[in-house]
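Participant: Sequence:
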Amino acid sequence: MGDAGPDVASSDNRLDEPIYVRRSKRTVRGRASASSSSALARIGAVVWAGRSWQLGAVSIALAVMYAWSYNYFAELTGDFTQAVVDRDTRRFSAALFWLALTIVIGSLASTAMLYVGERMTLGVWRRRLTDHIADRYFRPRVSFQMTLLDGRISDADQRIASDVTALCQHCKMVVFGAPMYMGVLPVVISTAWFCTTLWIKVGWFCPIASIAFFLVFAGVNRVLMTRVHDVVKKGLGAIGAYRFAHTYLRLHAETVAFLAGHDRERQRSDACLDKVLDYSMQESRWHVPINFNANAFYWGTGAIAYIVPGLAWFMLKQDLDVNTFVAVATIISSMLYQLAYLIQLSQEITQLLAVADRVAELLDVLDDIADANQRNDLLTDDSSDEEMTAMIRIQVDGKRTPLRRTSPGKFVAYDRIVFDMVQLKTPTGRILFPGGVSFAVEAGGKRNVLVMGPNGVGKSSLLRALGDLWPIHSGRIMKPPAGVYYLPQRPYLSLGTLREQIVYPLGEELLSDAEATRLLTAVQLSNRARDLNVVCPWPEILSVGEQQRLGVARLLFHKPRFAILDECTSAMDEDVEQDIYQLLLNSGAGLLSVAHRSTVLRFHHDLVKIDRDGRWHIQRLEPPKVDLVGVV
Numbered sequence: 001m002g003d004a005g006p007d008v009a010s011s012d013n014r015l016d017e018p019i020y021v022r023r024s025k026r027t028v029r030g031r032a033s034a035s036s037s038s039a040l041a042r043i044g045a046v047v048w049a050g051r052s053w054q055l056g057a058v059s060i061a062l063a064v065m066y067a068w069s070y071n072y073f074a075e076l077t078g079d080f081t082q083a084v085v086d087r088d089t090r091r092f093s094a095a096l097f098w099l100a101l102t103i104v105i106g107s108l109a110s111t112a113m114l115y116v117g118e119r120m121t122l123g124v125w126r127r128r129l130t131d132h133i134a135d136r137y138f139r140p141r142v143s144f145q146m147t148l149l150d151g152r153i154s155d156a157d158q159r160i161a162s163d164v165t166a167l168c169q170h171c172k173m174v175v176f177g178a179p180m181y182m183g184v185l186p187v188v189i190s191t192a193w194f195c196t197t198l199w200i201k202v203g204w205f206c207p208i209a210s211i212a213f214f215l216v217f218a219g220v221n222r223v224l225m226t227r228v229h230d231v232v233k234k235g236l237g238a239i240g241a242y243r244f245a246h247t248y249l250r251l252h253a254e255t256v257a258f259l260a261g262h263d264r265e266r267q268r269s270d271a272c273l274d275k276v277l278d279y280s281m282q283e284s285r286w287h288v289p290i291n292f293n294a295n296a297f298y299w300g301t302g303a304i305a306y307i308v309p310g311l312a313w314f315m316l317k318q319d320l321d322v323n324t325f326v327a328v329a330t331i332i333s334s335m336l337y338q339l340a341y342l343i344q345l346s347q348e349i350t351q352l353l354a355v356a357d358r359v360a361e362l363l364d365v366l367d368d369i370a371d372a373n374q375r376n377d378l379l380t381d382d383s384s385d386e387e388m389t390a391m392i393r394i395q396v397d398g399k400r401t402p403l404r405r406t407s408p409g410k411f412v413a414y415d416r417i418v419f420d421m422v423q424l425k426t427p428t429g430r431i432l433f434p435g436g437v438s439f440a441v442e443a444g445g446k447r448n449v450l451v452m453g454p455n456g457v458g459k460s461s462l463l464r465a466l467g468d469l470w471p472i473h474s475g476r477i478m479k480p481p482a483g484v485y486y487l488p489q490r491p492y493l494s495l496g497t498l499r500e501q502i503v504y505p506l507g508e509e510l511l512s513d514a515e516a517t518r519l520l521t522a523v524q525l526s527n528r529a530r531d532l533n534v535v536c537p538w539p540e541i542l543s544v545g546e547q548q549r550l551g552v553a554r555l556l557f558h559k560p561r562f563a564i565l566d567e568c569t570s571a572m573d574e575d576v577e578q579d580i581y582q583l584l585l586n587s588g589a590g591l592l593s594v595a596h597r598s599t600v601l602r603f604h605h606d607l608v609k610i611d612r613d614g615r616w617h618i619q620r621l622e623p624p625k626v627d628l629v630g631v632v
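No gaps in the numbering here: position 108 of the sequence shown is 108 in UniProt numbering, and each next residue is one more.
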């Protein structure tokens, strides 16, 4: 539908404020001041349920087994060293056996833990989070409202298709790690085990000194990573814009080719790429001190592993026990090398937090839109008495018909569509139809209405309001809760067969070959009947006129009580247009049409003429004639 532009209207008390400017207090306050940890908590509440707890428990058990094997391996190095010093072959052989067994157990535990971690993050979590988002995103009108009315998120597709997957991949790396690269879970459990062992062997000094050494470098790393977080987040947004530029070019490749606009599109693409590279270079510059800090910790670990137990021996003033000294040094070294993984994970954690922020923002906006839609939904006959007390009347065919009031701007009806003093408002504050537009469409083709007027006066905006895509500034709309079918200027053609295009959004098994052929013949597309089961990019195969006729075939298949036609025949020649409108008239559906050609006047009872200044008037037309021979 689109001749009025992306105008927006408000349906609550804040009528002077465009809907896409309004924000829920939770969203504004949440994204402005809450830490990234709150975003992770928000997402965690979604993914941690059911099977996640079971897999999490298994992962913890495997991490404990890994920690035990790693700790025992470190302790065995003392026995191994003592056996070599004492030239004790029996003790040496036993140490070799237990070392080998420990390696096998540790390898099995870490491998199983990584497998379970992948199952949980890339399988269960990704499915749960994607389903949670899809349950909200694919509700009626939500994608339209998010894209054209809300305005806070312009790359929902990237966040759903890419960011959710990236989030789960980063979670897997941060929590569980990778082969030869441990994550937070095994490192934390191993560190706790190592500290306990050190405490038992030599007291408090060694574990506390080792942890203090780590905390110094971890604190520096934390300060550096907070600076790079915003850069990473903006870089992800720039990548989304760059991808969208190429997607947009693909969708309009033919038009760009006709206009020889490839140089201009190249400039747009390069501008997006420049932003991507700029953020990438900013991130790389921050990586210099971050990597220096990580390397300093890595190299310092080798020295600290011997300095700390050496200082402990000086403090204890005991005789040197080679077995214990080597075991303690190995345990400290193993613990610090494990903790080094956490510092090395800092870049991964930054990516995780940035992606988590973007996904949490998406969840916030989806919840805001869902809340707004719930407040504005039509009430049905089982509404409370208080909600049904107010009454108004509207002029239909010279009669004053009472309507029951429900939520603001909406009424429930079953036999007609009525606009009663409806006003819409643009984001700039312009009022469409200052006096309020009023007309009625009746079912069964008893009263068809044609809306005509210059571009930009709001004709298609009326249809959006009827379809609940726009809120209403003032006035009331009455419509049935079902049986209203919208046919836009360029119908949506999904990915699938030609049969699927006709039955969309239902299943193709509902349409037989005979019925499909009859419908295609009726809309003068009989030459396409052989392609019923062919999967093609139909928007690229069919001309715009053929797409419009296919849209009419879809409408005829669904047999609605009301057909809302937004310039749905504009790409057809006049002879074909006359045949198509006669077909629609014969179908018995009540017609509400937006058109520019006067040749379609004869298929309607009333003409609503809108002037450039928003004034309108209704003109009675000669009743159309139904050709029963042409009924499909």
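Hints were generated in silico from the structure; no laboratory data involved.
Incorrect hints may appear among the rest.
[What the hints assert, rightly or not] DSS-like mimics (lysine-lysine), calculated; alpha carbons at most 25 Å apart, straight line:
#1 K559 <-> K625
#2 K625 <-> K446
#3 K446 <-> K275
#4 K446 <-> K559
#5 K609 <-> K625
#6 K275 <-> K234
Participant: Against this structure, judge whether each hint is valid.
Facilitator: Hints versus structure:
1. K559 <-> K625: holds (20 Å)
2. K625 <-> K446: holds (11 Å)
3. K446 <-> K275: violated (58 Å)
4. K446 <-> K559: holds (16 Å)
5. K609 <-> K625: holds (22 Å)
6. K275 <-> K234: Measuring from Cα to Cα gives roughly 9 Å; hence the hint holds.
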